[in-house]
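K.L.:
Listed below, chain by chain, are the residues.
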Amino acid sequence: MTDGPIITATGVVKTFGGLRAVDVDKLEIRRNKITALIGPNGAGKTTFFNLLTGFDQVDAGEITLDGQNITGTPPHRLAAKGMVRTFQLTKALAKLSTLENMKLGALHQRGEKFWQALIPGLWTRQERDIEARAEAILQRFNLTHMRDEFAGTMSGGQRKLLEMARALMTDPRVVMLDEPMAGVNPALAQSLLELIKMLPAEGRTVIFVEHNMDVVQEISDWVVVMAEGRIIAQGTPAEIKSNKAVVDAYLGAHHGEDLSKVELA
Amino acid sequence: MDWGFIFERSFSAMIGPEVVVYAIAAVGLNVHFGYTGLMNFGQVGFMAAGAYGVGVTVYWLEWNFWIGILFSFVYVAVLALLLGLPTLRLRADYLSLVTIAASETIRLLARSRVMKPYTGGVEGVNQFAGPFYDLSPFELGKFYSFGPFKYLGRDVWVLVVGWTLLILITLMVRQLMRSPWGRTLRAIREDEDAARALGKNAYFFKMQSLLLGGMIGGVAGVIQVIQKASVQADTFNPVITFTIWTILIVGGPGRIWSPIVGSSIYWTLIVFIENTLRQLPPGVRSTLEDTVQLSDFNIAMLRFILVGLGLLLLARFRPQGIFGSREEMALDRR
Ligand SMILES: Nc1ncnc2c1ncn2[C@@H]1O[C@H](COP(=O)(O)OP(=O)(O)OP(=O)(O)O)[C@@H](O)[C@H]1O
Ligand SMILES: [Mg+2]
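Quick mapping for you: the protein sequence lines, in order, are chains A and B.
Mapping of the first sequence onto my numbering: residues 1 to 265, in sequence order.
Mapping of the second sequence onto my numbering: residues 1001 to 1334, in sequence order.
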């Protein structure tokens, strides 16, 4: 399968108590494109991410990756299949160094097997290769100076960068970023955008959640809008910008708030 | 006061059999808690499983002592699996509940009348360690002195074997923790979901950690009963678990030499305080007897109280333990 959608979600429902947090009839994610997932707070974006990545179980529906049914597959298996995610609340591993954080991301490490771990000769070469790859990615993310520092000493923005860099260590086909730009300063955000833009050319599909519409306009090929668990619109960034239903969804969600804070232009 | 005697006792306690047993048990707990973040409040249960592994095999099945030692590993592994399989998928607190409950269950079962045919009940199993002492190159009943250290021959033999095992186990754990396997454990300790997102089967790694640390605890149990030459259910009470925690925290969790140094400090202090209290000059002694009702009986209690005081001071002035780093500790609060 080289064309066709890389991910499909059909009839995916997730409820919390009486709340239908996610209720997606049909969604197809296009291969090697950047898809933005937008919507007001509480729209169900993170929950939908959790369902796609196996961190949460669907009540109903089916999810496929490259035509293969992956509904209910646990996260670590999905990572091995090339699907990796980051978290809205950043998960830097505080007491591991930046480099250790990165090296952790590599898949299929021989030294992760208990008995082989006991014999360094079996894995030190692979470890060196992993380290070289980690250093190259750190360079791209401008984190080389943090290499040997504890990740816990990083700023919020640096942690976001690290989390994405670490995700790339798995050499993923699908990269799912939950608000990768939140809390990152504008200068850094710009370089992060450039990095995300480069991913499709490397054969990676990107899905990201973002509230800043300028960012969405700038880098996405396709925009999916969620509100109250449902997909209420999708289209090119230009189409979405002029879609009345979308504007309403945001305005509705922000009813009574200062309208200048609403980020949809 | 006979300071010579007090110091001889204290020095001998510094590297004595208790230090070895508790240090090994603490290495196991360090694998669990220090490196993986597993809250095991029943390490004594793994010691008991190891101890009864030998005890039951020798007493009930009347099999060879060495086969009993092999069996003790099986018992411990089964215990670890039983505890881990249902709990490691759940939130961290479940493991602590189940481990503390299991360790008490083992003790109460072992001493119960129903189990007497297998475990010897309250009397336990005695005189089973002969084959171990038969191998001793030291005369069992003779005192040996090395500088300030003085032990019976049988203890020297236990110490030689025990320290060898302790060092080997420590080096093995050090090697493991420097490997990608250990890195993954530490990642799981920091944030399990992050590790899962990166393709690590956190459940499997936690199970491996529980098994490894439990088996190491089992070794501690076996050495303990060999040294005491008896398996007694009531020696495996929850206080042991908390002593092991104390030792690990004194040394600093997640540091490779913490168990050894923590254990040595703990036992040196206990023995030093006890012997000092027993040897107080008569004037001081009688004052204390009148004011705080000091007696030979509650000296045993008082030494724990004083060690507890020391712990409080440690928590105040060096919360990261002897080997821990303050910077690392500070990361928790960011
Ligand atoms: N574990 C849970 N238990 C109960 N309710 C939940 C749970 N997780 C999410 N919800 C609810 O589901 C809805 C969707 O939440 P979700 O976090 O997916 O929104 P979101 O679109 O990511 O919002 P934001 O933009 O604020 O991150 C919310 O109403 C939330 O309260
Ligand atoms: Mg969210």
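Mixed in with the good hints there might be a few duds.
As the list claims (entries may be wrong) - One side only, chain B facing chain A, incomplete, derived with CB under 8 Å:
#, residue
1, Trp-1066
2, Ile-1067
3, Thr-1170
4, Leu-1171
5, Arg-1174
6, Ser-1179
7, Arg-1183
8, Thr-1184
9, Glu-1190
10, Ala-1194
11, Ala-1197
12, Lys-1200
13, Glu-1328
It should be emphasised that the hints constitute simulated quantities derived from the structure, not laboratory data.
Every value quoted in this text rests on a predicted model; they were computed, and no experiment measured them.
Just so you know, even glycine gets a beta-carbon here, dropped at the ideal spot from N, CA and C.
K.L.:
If a hint holds in the structure, say so; if it does not, say that too.
P.N.:
We went through each hint and held it up to the structure:
1. Interface hint at B/Trp-1066: violated, since its Cβ lies 24 Å from the closest Cβ of chain A, which is beyond the 8 Å cut-off.
2. A cut of 8 Å between beta carbons decides the hint on B/Ile-1067: the least distance to chain A is about 24 Å, and the hint is violated.
3. Hint status for B/Thr-1170: violated, given a least beta-carbon distance of 14 Å to chain A, over 8 Å.
4. Given hint, B/Leu-1171 at the interface with chain A, is violated; its Cβ is 10 Å from that chain's nearest Cβ, farther than 8 Å.
5. Annotation: B/Arg-1174 was flagged as interfacial toward chain A, and the flag is violated, the nearest CB pair being 11 Å apart, outside 8 Å.
6. Annotation: B/Ser-1179 was flagged as interfacial toward chain A, and the flag holds, the nearest CB pair being 4 Å apart, inside 8 Å.
7. With a cut of 8 Å, the hint placing B/Arg-1183 at the interface with chain A holds, because the nearest CB-to-CB distance is about 6 Å.
8. Of the supplied interface hints, the one on B/Thr-1184 holds, with its beta-carbon coming within about 6 Å of a beta-carbon of chain A, less than 8 Å.
9. For B/Glu-1190, the shortest C-beta to C-beta distance to chain A is roughly 4 Å, which falls under 8 Å, so the interface hint holds.
10. For B/Ala-1194, the interface hint holds, the least distance from its beta-carbon to any beta-carbon of chain A being 4 Å, beneath 8 Å.
11. At a threshold of 8 Å, the smallest CB-CB gap from B/Ala-1197 to chain A is about 5 Å, leaving the interface hint in force.
12. With a cut of 8 Å, the hint placing B/Lys-1200 at the interface with chain A holds, because the nearest CB-to-CB distance is about 6 Å.
13. Taking 8 Å as the C-beta contact cut-off toward chain A, the hint placing B/Glu-1328 at the interface holds, the least distance being around 6 Å.
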